[in-house]
Structure formats: structure tokens, C-alpha cells
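Model the full structure from these sequences, guided by the hints.
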Amino acid sequence: DAGVTQSPTHLIKTRGQHVTLRCSPISGHKSVSWYQQVLGQGPQFIFQYYEKEERGRGNFPDRFSARQFPNYSSELNVNALLLGDSALYLCASSSAGGYYGYTFGSGTRLTVV
Amino acid sequence: QKEVEQNSGPLSVPEGAIASLNCTYSDRGSQSFFWYRQYSGKSPELIMSIYSNGDKEDGRFTAQLNKASQYVSLLIRDSQPSDSATYLCAVTETSYDKVIFGPGTSLSVIP
Chain A
874 DAGVTQSPTH
884 LIKTRGQHVT
894 LRCSPISGHK
904 SVSWYQQVLG
914 QGPQFIFQYY
924 EKEERGRGNF
934 PDRFSARQFP
944 NYSSELNVNA
954 LLLGDSALYL
964 CASSSAGGYY
974 GYTFGSGTRL
984 TVV
Chain B
61 QKEVEQNSGP
71 LSVPEGAIAS
81 LNCTYSDRGS
91 QSFFWYRQYS
101 GKSPELIMSI
111 YSNGDKEDGR
121 FTAQLNKASQ
131 YVSLLIRDSQ
141 PSDSATYLCA
151 VTETSYDKVI
161 FGPGTSLSVI
171 P
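Residue numbers (our numbering), protein chains in the order written: chain A, 874 to 986; chain B, 61 to 171.
Since the hints were made in silico from the structure, they are not lab data. A quick note: this is a predicted structure, and the numbers were derived from the prediction, not measured. In this text, a Cβ means the ideal position worked out from N, Cα and C, and glycines have one as well. There could be a bad hint or two in this list.
[Unchecked claim] Under the rule of at most 27 Å between Cα atoms (straight-line distance), these lysine-lysine pairs were calculated in the BS3-like manner:
#, chain 1, residue 1, chain 2, residue 2
1, B, 102, A, 886
2, A, 903, B, 62
3, A, 903, B, 102
[What the hints assert, rightly or not] Ranges between beta-carbon positions, derived for each pair:
#, chain 1, residue 1, chain 2, residue 2, range
4, A, 973, B, 129, 20 to 30 Å
5, A, 968, B, 75, 34 to 44 Å
6, A, 932, B, 68, 18 to 28 Å
7, B, 78, A, 950, 39 to 49 Å
8, B, 75, A, 903, 38 to 48 Å
9, B, 131, A, 950, 34 to 44 Å
10, A, 900, B, 70, 33 to 43 Å
11, A, 888, B, 119, 39 to 49 Å
Here is the structure:
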């Protein structure tokens with residue numbers, strides 16, 4: 874059974890560009906959460922989606938947006954990239970919200986130059 | 061702003077010793093508490109979850125929860141070099157819609 878799949882694994886973008894990160898949760902899981910982890914810090918909550926609806930949003934600017942599709946996969950979009958957006962972006966899969974904990978994907982390492 | 065704090069590291073222990081990791085949280089309504097392990101360059105992995113006051117043991121790991129003190133801890137007995145990693149404490153907000161992570165504590169087990 875496949876785990877949480879994230880793509881791409883790594884990417885390098887230029888300031889001002891746009892990026893789309895993708896995530897497929899564990900089969901049967903209906904909730905996807907996105908986190909940003911800067912080197913040396915804990916993951917910071919960006920969004921949570923459950924059954925295609927946004928259930929929570931962290932303290933991130935409107936440049937960050939996300940959506941969840943009918944098959945429960947999800948996209949995280951970041952517009953007008955800044956150098957400070959360089960981080961590991963983690964997708965977390967769960968059956969329903971955060972109560973039972975998450976299974977994380979391997980992450981997407983974004984470098985903005 | 062809801063917060064999760066962890067004891068500052070790095071923490072170094074000799075092989076075979078007990079490693080003690082501590083965490084405090086600010087949301088009194090939190091119901092779920094977790095410890096994740098994160099190896100360098102990898103994503104976090106859930107190793108313990110605890111929901112009620114007291115101790116929960118799983119192999120060499122023991123999680124302890126005290127809701128009155130808003131305190132969670134993780135004990136690792138018979139520490140092994142393979143336990144060297146960053147340990148993240150995580151707590152759900154009251155609504156369960158959001159899991160807040162602490163900054164992590166780096167643990168090094170010295171052979």
C-alpha cells in the first residue's frame with residue numbers, strides 16, 4: 874500500500890515565480906495538511922483540508938493557497954516567491970483532522986534564488 | 061497564539077543511558093499529544109501518541125502526560141546511536157483542525 878506521495882522532491886525557483894506542490898494521501902485518508910519547515914525549526918502549519926474543504930489555515934500570507942481534489946489529493950500553490958519561502962514543504966495525511974496524528978510524505982525541498 | 065515549547069538542545073547521552081525530552085504547551089483544551097522523530101534530511105515520523113494523563117509505554121519509549129501542568133515528556137531507555145535524531149513534540153488545538161509542533165530537541169547518543 875502506497876504511503877504519502879509528494880512531488881516534486883526538489884525544485885529551484887527564482888524570486889517572483891510561482892510554484893505548485895502536489896500530494897497524494899494514503900488510500901482511505903480524507904484529510905491533507907500542509908506544513909513548512911525551515912532548517913532548524915519545527916514544522917509550521919499552513920493549511921488543513923478535509924473532504925475537499927478548508928478546515929484550518931495558519932499564519933501565512935495570501936500568496937499561499939491550496940485545494941483538495943475529489944480523489945483527496947492536494948496542491949499547494951505559492952505565488953510571488955520570496956527567498957524566505959525556501960524550506961521543506963511537508964504534506965501530512967490523516968483519516969480525519971489531527972486527532973490521531975499524521976503520516977508525512979517525504980517532502981518537497983524548495984529553494985528560491 | 062498557541063505555543064509548544066521544548067527543552068533546548070542539543071542533548072547528548074551515552075549509549076545505554078536514559079534520554080529525557082520535555083515539552084510544555086499553552087492550549088488548555090488540547091486533547092491529543094504526539095512525539096515525532098525526524099532524522100536529518102528526512103520527514104517526521106510519528107513514534108508516540110498519548111491522550112490521557114499518566115504514562116504510556118511502547119518498547120523503549122515512554123510518554124508521560126500531565127494536563128494540569130500542561131506538560132508532556134518522552135523517555136527513551138537504553139538509548140542507542142540509532143536514536144540520534146530531532147524529536148518534535150506536537151499538540152492538537154482544541155478544534156482538532158490544527159496540530160502545532162514545537163521547535164524540536166536534537167538528541168545525540170554517543171557510542
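Results of checking the hints against the structure:
no. : hint                      : result
1   : 102/B x 886/A             : 21 Å, holds
2   : 903/A x 62/B              : 26 Å, holds
3   : 903/A x 102/B             : 24 Å, holds
4   : 973/A x 129/B: 20 to 30 Å : 24 Å, holds
5   : 968/A x 75/B: 34 to 44 Å  : 37 Å, holds
6   : 932/A x 68/B: 18 to 28 Å  : 23 Å, holds
7   : 78/B x 950/A: 39 to 49 Å  : 45 Å, holds
8   : 75/B x 903/A: 38 to 48 Å  : 42 Å, holds
9   : 131/B x 950/A: 34 to 44 Å : 38 Å, holds
10  : 900/A x 70/B: 33 to 43 Å  : 38 Å, holds
11  : 888/A x 119/B: 39 to 49 Å : 47 Å, holds
Checked against the numbered hints given earlier, the structure satisfies every one of them.
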